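Novice: For chain A, the structure is supplied; the task is to place chain B on it using the hints.
First to last, the protein sequences are chains A and B.
When the letters of the first sequence are read in order and numbered with the numbering used here, they come out as residues 2 to 257.
When the letters of the second sequence are read in order and numbered with the numbering used here, they come out as residues 934 to 1288.
Treat the hints as calculated values from the structure; they're not laboratory data.
Because the structure is a prediction, the values reported are computed rather than measured.
Mixed in with the good hints, there may be bad ones.
[What the hints assert, rightly or not] Cut-off 35 Å, straight-line C-alpha distance, at most; resulting in silico cross-link-like pairs (DSBU-like, lysine-lysine):
#, chain 1, residue 1, chain 2, residue 2
1, A, Lys65, B, Lys946
2, A, Lys85, B, Lys946
3, A, Lys85, A, Lys65
4, A, Lys217, A, Lys85
5, B, Lys952, B, Lys989
6, A, Lys3, A, Lys247
7, A, Lys3, A, Lys85
8, A, Lys77, B, Lys946
9, A, Lys65, A, Lys21
[As the list claims (entries may be wrong)] Just a sample of chain A residues kept apart from chain B, beta carbon distances all over 10 Å, derived:
#, residue
10, Ser57
11, Gln156
12, His174
13, Thr178
14, Leu202
15, Ala220
16, Leu232
17, Lys247
The C-beta atom is built at its ideal place from N, Cα and C for all residues, glycine as well.
Residues per chain are reported as follows:
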Amino acid sequence: MKAIDCRNVSVILGGYEVLKGIDLEVEVGGWTTIVGPNGAGKSTLIRATGGIIEFSGNIRIIDKNVQDLRHRELAKFVAVVSQKPIIPMGMRVMDYVLLGRVSHLGFFEPEGENDIETALLALELLDASHLSDRFVGTLSGGEKQRVVVARALAQSSPVILLDEPTTALDMGHQQETLELINQLRIERNLTVLSTMHDLTLAGRYSEHLAMLVEGKIVAEGSAEEVLTEALVSSHYGARVKVIDDKDGPIVVPLPN
Amino acid sequence: MSTSTNENDCVVKPVSLNKSQLCLAVLAVLITAFAGLVFGPADLGMKEVIQELFNKLPLIDFDSGLSSRQQAILFEIRLPRVVLGLLVGSMLATAGGAYQGVFRNPLADPYLLGVAAGAGFGATLAIVSGIGDGLGFLDPVPLAAFAGALIAVALTYTVGSGRGRLDQVTSLVLAGVAVASFFTAVQTFIQQRESETIRQVYFFVLGQLRTAGWDEVTLLAPYTLICITVIFLTRRRLDALAVGDEEAGSLGLDVRRLRLITVIAASLGTAASVAVSGLIGFVGIIVPHTIRLIFGSSYRVIIPLTIFFGGAFLVVADLVARLILQPAEIPIGVVTAFLGAPFFVVVLRTAWKNS
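The shape of chain B in the complex, shown without the other chains:
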């Protein structure tokens, strides 16, 4: 073989994340997380926050000047909330990106297969029956939402993945629409009959990063880390699906297995996120699409960047939700759409111009 093609590195290597992209992503997470720690109703100060964070390292002892109350705000309120934002944002965005790949559908989001409707139904059932108020560790509401979400996805997959006339993608997406409509209808029916709980249900549906210390983070972290790792590992094969199920199959890819693994990981992670933070919309659509428009269409790049930028985006959205009407909070789902939609339009228009 001639070596002439080996001279240029970028020609002979499969596409992958490069160092500058990774640095940018890590920087985005660090900057937004830092902003999430510094800004809020109580004034903590940048320098003081940095000193306090360094104090947590072994063998370092600064006097930051923060009172014990301020320290509690930093480590027991803001830090867990920022970490929760990173986990939920990463999970929803990565699940959205994976769904877009595995269903070859730009409109796919983490709620495609009925996770949202199932979670809403489960939470409503728990709230209406009076067994929980949505607060605290091991509260029945998140558990019911989690169970409802998984039941809905399992139902969608069972109904939609038979070998019929339709291809698996269309049939799963349609089954998801049917299952979601059904659960939403049942939820609305229950809600109408128990109208005094509407407000509570409404708050759950809108979504918010509410934390009580580190409980939610501890609860969510294992799901998020495992599910994101699985999706990260499938990223190379997601690219093969770009040639369609039939061709990918003839190339030797077990398409059904890839789809099943991805759906399980994305749904489990999304269900866990939704159970803890409610239904935060838009993250799963705009983050992966923005990355696709800027950095290209390979999932080898999209998935790792989405993990970082999804988290960073939600931390920013939460910051806006906390600050704009302080001390009151806007539901974070409103902010993700309010910030995300115009930003996405700008990216889309720029991409048109560049192409």
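So that you can see chain A by itself, here it is in the shape it has in the complex:
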């Protein structure tokens, strides 16, 4: 069964066609990463899939048409971690993670025991329980990232969209975050669609890659199929060497 099914998706922003007829499928429990140079439309694809921006074509999440769903229903199916989440400085971590429960509550309804337990569990899974009483604005980059992912997990949706989840993190935290997402994906049968700049990391963690260039998918498949020297150098305008490793290809930039 498909968790995400995009058919002929196009997006026009400010008169410019950013996505041009995208077809993309992600199976339930799968992890697909969209790679591609700056300005290719990666974040736009995430935002369209999350129902945040308007698009033409058809996107189905767990067999539900995204355009037919109201905010609250859509948020029960899909959680979005945006590239630069707005961090409300004076909000405590616990209250921030509880925002993930909004779609499960009526318009005027307070959070119940169940919502609090879900938020605590999300914090615990991300090893961030000790931060619950801190203000979000005072956290380090890595801590913030974990808390933002915890909020997405608290949403308890089967599909999670991650736009550059590791950009703000050092190598150790990048690894830790991606390992954790992968572990949660397997344990909870989550479906993940992400974007990533680091091609080697993208290849290591996702089962499927799609290379997006100027609003079109130019290559799709396993890391070995997409991360080739020919594709990367022609579409990124970069000189690279791809080393075959038993755990997947390693993309290394070459000096002139």
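Specialist: Showing chain B alone in chain A's frame:
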């Protein structure tokens, strides 16, 4: 799940108003209201006022020693005025707090979407046309002000909430600026042509808690209670707007609906307050901001405290307005700014030091 995080209550609960904050707020209202009853041009005495108030309770009968004239001053002049101050102050401050949340704009006040300009225009029209003098129950001036205020806000919302290039917040705020400027211009034009009514219009614009018995309170109370209740109920979702419209939407919040509900409640309540008491400025800005600086940024705390402290603040301002040049009165809008501005600077500086 491990239970270690459950040991400390404050860690596992969403932020909410605590008992000591609530007690402080109720105490502020009681003390200021009592001061509003005791002090004034006629000397009533604290003990006598307390005894008279207890006399109103069933099965209690004190002889307070107040003459029937003094009793009339207490129950027909001061008490309605204090209650009116509480209602207007609560409403303006709560509307201001709600607007600051829903527009994520620290400068938002209850008049943001043109309520003041619309009310000024309506009142001017009624005064100039000679159909009312601004006194009494069902006088056309407050009704015209009320209608003008609501027309202005409706116009702002219609113009500003289309799906265009700008986000809804910016577009509504800009539409509010345009609508307010337009109504102010028309009002000034009418005023200039009918200069003999300038003084009357000027008094309305400055604002005052003028009462004729309980009429104004009866008129205003239902609006205030309903509008404040609605805003109080939205307080939890106002916190979600802190992450921006887009993220709040992806969390499942219907941002446009929340904004519409809040704007309707805040504008309706403000329009009713303005119709009865004129344009009292500053309350809607400084009360919620002071509470935010002292008690934190969650609307779960700001809104309930603002309801109490807004009322208390206006009762104090009215007391100063009545006493300082007695028997003459200073317009209350002058006092709110005169008292509020320096107080706010102190709070702001203290907050800087503490952060």
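Novice: Check the structure against each numbered hint from earlier and tell me which ones fail, lowest number first.
Specialist: 11
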